[in-house]
Amino acid sequence: SQTIHQWPATLVQPVGSPLSLECTVEGTSNPNLYWYRQAAGRGLQLLFYSVGIGQISSEVPQNLSASRPQDRQFILSSKKLLLSDSGFYLCAWDRDSLLSGANVLTFGAGSRLTVL
Amino acid sequence: GQSLEQPSEVTAVEGAIVQINCTYQTSGFYGLSWYQQHDGGAPTFLSYNALDGLEETGRFSSFLSRSDSYGYLLLQELQMKDSASYFCVTYNFNKFYFGSGTKLNVKP
Numbered sequence: 001s002q003t004i005h006q007w008p009a010t011l012v013q014p015v016g017s018p019l020s021l022e023c024t025v026e027g028t029s030n031p032n033l034y035w036y037r038q039a040a041g042r043g044l045q046l047l048f049y050s051v052g053i054g055q056i057s058s059e060v061p062q063n064l065s066a067s068r069p070q071d072r073q074f075i076l077s078s079k080k081l082l083l084s085d086s087g088f089y090l091c092a093w094d095r096d097s098l099l100s101g102a103n104v105l106t107f108g109a110g111s112r113l114t115v116l
Numbered sequence: 001g002q003s004l005e006q007p008s009e010v011t012a013v014e015g016a017i018v019q020i021n022c023t024y025q026t027s028g029f030y031g032l033s034w035y036q037q038h039d040g041g042a043p044t045f046l047s048y049n050a051l052d053g054l055e056e057t058g059r060f061s062s063f064l065s066r067s068d069s070y071g072y073l074l075l076q077e078l079q080m081k082d083s084a085s086y087f088c089v090t091y092n093f094n095k096f097y098f099g100s101g102t103k104l105n106v107k108p
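As you go down the protein sequences, you meet chains A and B in turn. The numbers in the numbering used here rise by one with no breaks, and the one at position 9 of the first sequence is 9. The numbers in the numbering used here rise by one with no breaks, and the one at position 64 of the second sequence is 64.
These are computed hints drawn from the structure, not numbers from a lab. Because the structure is a prediction, the values reported are computed rather than measured. It is possible that some hints are incorrect.
[What the hints assert, rightly or not] If you only want the chain B side, here are some residues facing chain A, beta carbon under 7 Å, derived: (1) ALA42; (2) PHE45; (3) TYR48; (4) PHE98.
Positions of the beta carbon are idealized from the N, C-alpha and C atoms, including for glycine.
My request is simple: use the sequences and hints to build the entire structure.
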């Protein structure tokens, strides 16, 4: 079965410090991978998605970047964090559901970032 | 662009039926999905409608009218564990777009 791992689960970082969040998927090959951010009480904002190694599409201009060095690894980074970067970061991958025909997003457990 | 509108909050009592509406505007449409998210957790997939009509999955049903750009999620026999946020989601060329979410409060 497929599983998705995301870490760290929680982190508190000072303004101006770097960031690295990592996500790996097991049990599948060539998944589409996504990074979302969720502010408290809000919906999910798509940050980046990737359809293959080295292929990154950015949805929102900001001080974040993403990389996909391996097929099942997706990394979210920042060189200098801002206060506005605080939020709940979610990695996800999608699959086609054999039951419904839908493209279904499966999320990692999330990383809660607080920038002070 | 993509725009999905949902009510921000709904309250209902245990055992009741509740309907969460979603209206959308998209530049391309490949179906409407619903996700559930409990506080502090990650969203999980509930249902998907590609065509007009009602899809039923246990206590949950989802409806779509493509001509009206409208859908809803119907939750029956509400249980306390149904207290969560519910998101309608559209999909278009590798991008999943989420509504702002509806917080459902189930009271005893």
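Interface hint compliance - ALA42(B) to chain A, C-beta minimum distance less than 7 Å: holds, 4 Å
Interface hint outcome for TYR48(B) [beta carbon to chain A under 7 Å]: It holds, given that the least Cβ distance between TYR48(B) and chain A is near 3 Å, below 7 Å.
Quick check on PHE98(B) please, does its C-beta sit within 7 Å of some C-beta on chain A? holds, 4 Å
Could you check if PHE45(B) really has its C-beta closer than 7 Å to a C-beta on chain A? Result: holds, 5 Å to nearest chain A Cβ.
The structure meets every hint from the earlier list without exception.
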